[in-house]
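First to last, the protein sequences are chains U and W. In terms of my numbering, the first sequence is residues 1 to 271. In terms of my numbering, the second sequence is residues 1001 to 1271.
Think of the hints as simulated: they come from the structure by calculation, not from any bench. Idealized CB from N, CA, C, for every residue including glycine. Treat each hint with caution, since some may be false.
If you only want the chain U side, here are some residues facing chain W, beta carbon under 8 Å, derived [to be verified]: (1) Q39; (2) T45; (3) G141; (4) G168; (5) G173; (6) S236; (7) E240; (8) V247; (9) R250.
With beta-carbon atoms standing in for the labels, derived distance ranges [what the hints assert, rightly or not]: (10) R61(U) / R1133(W): 33 to 41 Å; (11) T73(U) / D1270(W): 48 to 56 Å; (12) P1238(W) / G60(U): 44 to 52 Å; (13) T73(U) / D1022(W): 55 to 63 Å; (14) T23(U) / A1013(W): 47 to 55 Å; (15) R1133(W) / A186(U): 38 to 46 Å; (16) D219(U) / P1117(W): 48 to 56 Å; (17) A29(U) / D1270(W): 35 to 43 Å; (18) R1063(W) / A232(U): 52 to 60 Å; (19) E1261(W) / G127(U): 38 to 46 Å; (20) S1102(W) / Y137(U): 29 to 37 Å; (21) T1212(W) / A29(U): 47 to 55 Å.
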Amino acid sequence: MPDLAVEGLVHVYSEGEVRALDTVDLHIAAGEHVALVGQNGSGKTTLVRHLNGLLRPTSGRVLIDGADAASLTVAQLAARVGLVFQDPDRQIFSGSVRGEVEFGARNVGLGTEARREAVQRALRATGLEGQEATNPYDLGGARRKLLALASVLAMETPVLVLDEPTTGQDAAGVERVREIVANAAASGRTVIAISHDMRFVAEGFERVVVMRDGRVILDGPPSVVFAAASWAELGSTYLEPPRAAVVGDRLGLGSTPTDADVVAGLGAASG
Amino acid sequence: MSIGLSGVGYRYAGETKAALLDVDLDLRDGEVLGVTGRSESGKTTLCLVVSGLAPRTIGGRIRGAVRLDGEAVDDWPMHRLSQRIGIGFQNPATQLSQVAESVFEEVAFGPMNLALPRDEVVTRTWDALAALRIDGLAERDPRRLSGGQQQLVAIAGLLALRPQHLVLDEPTAQLDPAGTRLVADAISRLAADGGSILVTEQKTDLLAATCTRVAVLDGGRVAIAGPAESVLADDRLPRLGVTEPSSVRLRRAIAAAGFDEPRIAAALADA
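Next comes chain W alone, as it looks inside the complex (with noise of 0.2 Å):
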């Protein structure tokens, strides 16, 4: 399974500059790929036109060609699409269907809608439940939830699809370390399946944690890709706009202040 761009440029309906220019990405089978960027570098626009919402649901123009599994997808329509890559919204009251009245409804709402078995569709909805610790609030009212809660009920939506692909868009924006750890594990576990997986993030100590390769957009065009390790480490970062992941910062000041590679390995160990 793999999502693959090529030469990718997009362009909202009514505005005279491209929001993506010339991208070039690779996911292949159990990757998961962080973007980050500063704000307004294309990151959002980035997971619409993956995930096909652009143009197909929001109109404007498109370049280049976007691939799921090899083949070129220009020409699916939305709903053949949304079979093979589900998308999570930044902000999970866009993301809740708003009908309905319990945790349990709405996260089953996606598979229902798939046509499987009532058992089929009870068990999915369980486990995506257990594996965001959120089955403690299967009776609640959706609408009624935090911000954080709810952004936990929209992803595990999405987990309950059992999407191939998968396009995520700052998914722990509202979250508290531990939730952002179980959306980071949940993400981990569905590489593990062979799912391919792109995810915006600000947070690059997030990015550090969960992705094998990152690319950093800057004004709609790759800035800088590679493997995760050596992009969040590029001292370029901050002049695109990027925190640097706070184990980076911390190195640097620990061996400013002249203790040895031992005590700084040591106290940056697996924190």
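One chain only, chain U, in its complex shape (with noise of 0.2 Å):
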């Protein structure tokens, strides 16, 4: 399992003078949860996509497994990072189901049966079992967004990172993205999710990491990046934390909940 290093990452797009990053320094240990927050425009997306060589730094280097990503090709970076982007409209292309979750799998090398048992795991994981003939364009957006997420998972990539995954998800779609996340972390898999979402971050993630303006400003479990102590960094780059902690914090529960259930558990444990 890969281990990540971003150091004094810088990334200008070439046009215009915008500094999307501005000396990120992290490392994500194998098998870490990670979320990332932070403002629009804040660079998160941009950071990602230098983890698949998507994007190349200006400066700054990415490191996997200590080798530095400029000196792997596409798709070696392909086989260890898998990215699913915000919108699936950018991503999906072949016009069934079935094509599309094939495709990557195809690409990283997956011999026939293991390959056929990707796919059909990725396809039980999003709920997309029964329509694998299904032109893409004929589900409703929710859908196709899992779509993207199966093409993904089916290549079995060691690293998983997604672009703000449960937007326009319902109940039962956003419960299905965190059941994969789950799953992925009981096989080992390392994942970075990028969310505005903060439930689905607080309840679902060991480490979030807040960015502001192309840096990182905050850096650590829940129970403290979502602390009354935080709350003025996060503020200064318009989050919030979960209500629950705020709720928490002014029932005096002493740590910081991060959901409703635990707002419960801490309240029922202190009264």
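From these two lone chains plus the hints, build me the complex, please.
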């Protein structure tokens, strides 16, 4: 399982002067589950696009298991880091659900049998079983997004990067994504997810990295990043802690609850 | 200004099953109607029908009657309808013109096509950009913005048209909490000026903050409709695939932990 490191990473998009990443240093150990949060335009997507070589640093380095990503081919990077885009329509191109999910798995060189199983697992995890022959554009927006996720899951990369996986998902869809993240955790895969959904972040991730203007400003477990002591810093980038954390503070629950269920548990213990 | 639907049904071209059935809805002057429901319950279809794109642009068969300000619009062509009602799509990439070189031009594109005087176009464009606090992006290339920034640009383009009626399909899907609040404020201001607005959302917290009434769709039918407060506290929401607002979940959790009503109210106050 690879270990990811970003050292002094700077990215300036060639057209214009915007410094999308302004010296980011980050180490993510194999098997970690990291949520990346921050205001729109803070550099989250730019950062993760460096992890699989879609973007190359203006300066600084991306290390994958100690190897400089610049020395790896796009194929080598793609086999290690699977990236699911925010907008599935930038990713989907096949005429059928099955074709879409098989494409990546074939390209990372999974054998016929392994591929068949990986595709089946991915379809099951995303609830797309039985839809194999459907044209992706006949699916609703939420399921098309799950299809994009399935096509990357089927590549069975040791690192999974999800760019806003819960947007447009209903309660059941969010639960599905949560399970996919939990299962990836159980199998030791590294998961990095960008999200504005603080409840999803607080419940599903052991580490939260907060970005502002291309820099990392907070990094720690949800109970620390969302604790009252961090609210001013969160506020500086227009983020809010999950409401449960605010309620926990007002009730004087001691530690920072990240969800209603935790509020109930802590409250019962303290009351 | 009002929008009325009575007995509306709709079936997509080539489909045997109706996507909407027997929908009765009324939006009065200055009202924001929130529509929620699980994925593929008919939310996007409802937006297409209310805005008139279905069936005028995408085909299919419609039944029942859609009225704007009391007038039946059945035989109105799209160009007439679109001067009275605007629609914001779920995916901002679909909405942007792809021909504008700057955010300013992109937002001015709609008003320019209304053949308004030049000064009026400029005023409206700056007003819309300022309302969503993206005036700082005016010179940027809209195609090179983050997903959330693009969503704000797309909404600014609609605000600049100053529509009397507006349909927004998950307008905040890709937005951070600050962007979400700006859009919520813009919706409230439009409504205060007398506009009627229909907004679909999975984020029930946002519906609680902006809507006067809420309807929940299930299988293309209206399952629950009524005042926002009562619908969002309805115990059928989980069964209908809708996430309960965090205030509802937290209230239950705090009560279960044994806190009394004054403590509950204090913990939940305007958070």
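Hints versus structure:
1. Q39: Q39(U) check passes; min Cβ-Cβ to chain W is 5 Å, inside 8 Å.
2. T45: Given a least distance of 6 Å, the restraint on T45(U) holds.
3. G141: Holds - the Cβ of G141(U) comes within 8 Å of chain W, reaching about 6 Å at its closest.
4. G168: 5 Å, holds
5. G173: With a closest approach of 6 Å, the G173(U) hint holds.
6. S236: This interface hint is violated because 11 Å lies over the 8 Å limit.
7. E240: 5 Å, holds
8. V247: 5 Å, holds
9. R250: 4 Å, holds
10. R61(U) / R1133(W): 33 to 41 Å: Holds, at about 35 Å.
11. T73(U) / D1270(W): 48 to 56 Å: 54 Å, holds
12. P1238(W) / G60(U): 44 to 52 Å: Given about 46 Å between the Cβ atoms, the range holds.
13. T73(U) / D1022(W): 55 to 63 Å: Given range 55 to 63 Å: holds, Cβ gap about 57 Å.
14. T23(U) / A1013(W): 47 to 55 Å: Given a distance of about 53 Å, which is inside 47 to 55 Å, the answer is holds.
15. R1133(W) / A186(U): 38 to 46 Å: For R1133(W) and A186(U) the Cβ distance comes to about 42 Å; the hint holds.
16. D219(U) / P1117(W): 48 to 56 Å: Roughly 52 Å apart at Cβ, these two residues keep to the hinted range, so it holds.
17. A29(U) / D1270(W): 35 to 43 Å: Since A29(U) and D1270(W) have Cβ atoms about 40 Å apart, the given range 35 to 43 Å holds.
18. R1063(W) / A232(U): 52 to 60 Å: Given range 52 to 60 Å: holds, Cβ gap about 55 Å.
19. E1261(W) / G127(U): 38 to 46 Å: 41 Å, holds
20. S1102(W) / Y137(U): 29 to 37 Å: 31 Å, holds
21. T1212(W) / A29(U): 47 to 55 Å: 49 Å, holds
Comparing the model with each earlier hint shows a violation of hint 6 alone; every other hint is respected.
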